[in-house]
Amino acid sequence: DCDGVLWAGERAVPGAPELLERLRRSGKAALFVSNNSRRSVAELERRFSRLGFRGVRAEHVFSSALCSALFLRQRLLDGGGNGSGAGRVFVLGGEGLRGEVRDAGLRLAGEGEPAPGEPVRAVLVGYDDQFTFAKLAQACGYLRDPQCLLVATDPDPWHPLSDGQRTPGTGSLTAAVETASGRKALVVGKPNTYMFDCIVERFGVDPSRTLMVGDRLETDILFGKNCGLATILTLTGVSRLEEAQAYMASDSAAAKDLVPNYYVDSIADLIPGLDE
Amino acid sequence: AALPGPAPADWVQAPLDPAVRAVLVGFDEHFSYAKLCQALRYLLRGGPDCLLVGTNRDHRLPLEGGAAIPGTGCLVKAVETAAQREAFIVGKPNRFMFDCVAGEFDVDPARTIMVGDRLDTDILMGNSCGLTTLLTLTGVTALDEARGHQDSECPARHSLVPDYYVDSIADLLPALGE
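The listed protein sequences derive, respectively, from chains A and B. All the letters of the first sequence, read from the start, carry residue numbers 1 to 276 under our numbering. All the letters of the second sequence, read from the start, carry residue numbers 1 to 178 under our numbering.
These are computed hints drawn from the structure, not numbers from a lab. By construction, the Cβ of each residue, glycine as well, lies at the ideal position given by its N, Cα and C atoms. Honestly, I wouldn't trust all of these hints.
Stated by the list, open to error - Computed footprint of chain B on chain A; a stretch qualifies when at least three of its residues, placed anywhere within it, have a C-beta under 8 Å from a C-beta of chain B:
#	region
1	178-192
2	253-264
As the list claims (entries may be wrong) - Between beta-carbon pairs, the in silico distance windows are:
#	chain 1	residue 1	chain 2	residue 2	range
3	B	V101	A	R75	49 to 55 Å
4	A	R107	B	D28	47 to 53 Å
5	A	P207	B	D28	42 to 48 Å
What the hints assert, rightly or not - Here are a few chain A residues that face chain B, going by a calculated C-beta distance under 10 Å:
#	residue
6	F133
7	W158
8	Q165
Produce the entire structure from the sequences given, and follow the hints as far as they go.
Below, the structure is given as structure tokens:
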């Protein structure tokens, strides 16, 4: 994971760039999987560089924006549909997300009335700080067609801001669309495993030799569990140690899946482990 | 108030009104992410001391021709999800509104009929408050839905079953005739 693990806002977590550098020198691959649907992977590559991380290329980065676009391409284009029959996608989200959908070869529905003959075949809900009632109503109109997919980039209810405040996440917008349409969204991001499928397809990862490092128990750690990876919780982000302990003490089987195998105060604490 | 900048990072710098002690979510065709953001700020600042109240949970408001617009329930759900807490819902099927009516008008539930078109709000409230319930079919509910709940094994669904139904509220006129 990236937010809360490698950086917080515009600041890299101290020691995180060095950790990645050490991994590279030890011949250990580092891949990045983020639920943040605001940025394209090209923007994320620039962000890594700007925050002091060396050698991270866009192909190493799997964001929910990219993977949602790949998912929609699979369902709308590759699934037997030819280019003209694929239909359009109505995106609730910013330019980063819209760009990924376009780059996947899909066409976006504009704001306002659809052109006749080009149906909207999917509504994609992402992080949309320009979300309005009007867009919600428009999405519901498209979803009256049972053939129209409802997809969400991630389930995150909120994201932390640097001063301890929170900003609403895609999960809250998806809840509104689901309630209005009576449909359940297909959620691409963690803890669901689709993003791991994308990683395996491109890089052929062996789960038994892979560690998932994240800061959010309900997404990162559960994702690791769902994909058969060992998990490390880092405490530089969303989840507190007490929350992990509470899940550990719980009687519910589902709660156990949210308990990480290990925890560290910061991802930089892994550096000594890399020294022989 | 005007937003102090284009992005959430700017919006959360705007000062909060120190007197706010409740967030009330009603039908808002001008609902936006910025307002959702603001609601979340008040709820986080106040914790349990800031109430979260929703007027109702209706999913959809039907229009003519089968179309519908999103209902208040969608906006309540968005706030509840972001804040990770549950709203107190004033509207049906909650009995709060019946208690308001009964308080003002000396209503005897045993001699009162609730007429409504929606099973999960009107009929459920009526049944919960000990009223006789009458479903009218001029609104959102088709008879099949009521029968489905009636035939169900689940006891909770039985509370959605009206005592009677009519095709239209006008069908009551003969019963009131001389």
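Right, here's what the structure says about each hint:
Counting residues of the region 178-192 of chain A whose CB falls under 8 Å from any CB of chain B gives 4; the rule of at least 3 is met. For the region 253-264 of chain A, the assignment as covered by chain B is violated, since 0 residues bring a beta-carbon within under 8 Å of that chain's beta-carbons and 3 are needed. Remark: the range hint 49 to 55 Å for V101/B to R75/A is upheld by a beta-carbon distance near 50 Å. About 32 Å separates the C-beta atoms of R107/A and D28/B, a value inconsistent with the hinted range of 47 to 53 Å.
Taking the beta carbon of each, P207/A and D28/B are about 46 Å apart, inside 42 to 48 Å as hinted. Interface hint at F133/A: satisfied, since its Cβ lies 4 Å from the closest Cβ of chain B, which is below the 10 Å cut-off. At its closest, the beta carbon of W158/A sits 5 Å from a beta carbon of chain B; the interface hint therefore holds under the 10 Å criterion. Below 10 Å, beta-carbon pairs count as interface contacts, and Q165/A has one with chain B at about 5 Å; its hint therefore holds.
Consistency with the previously given hints fails for numbers 2, 4, ordered from lowest to highest.
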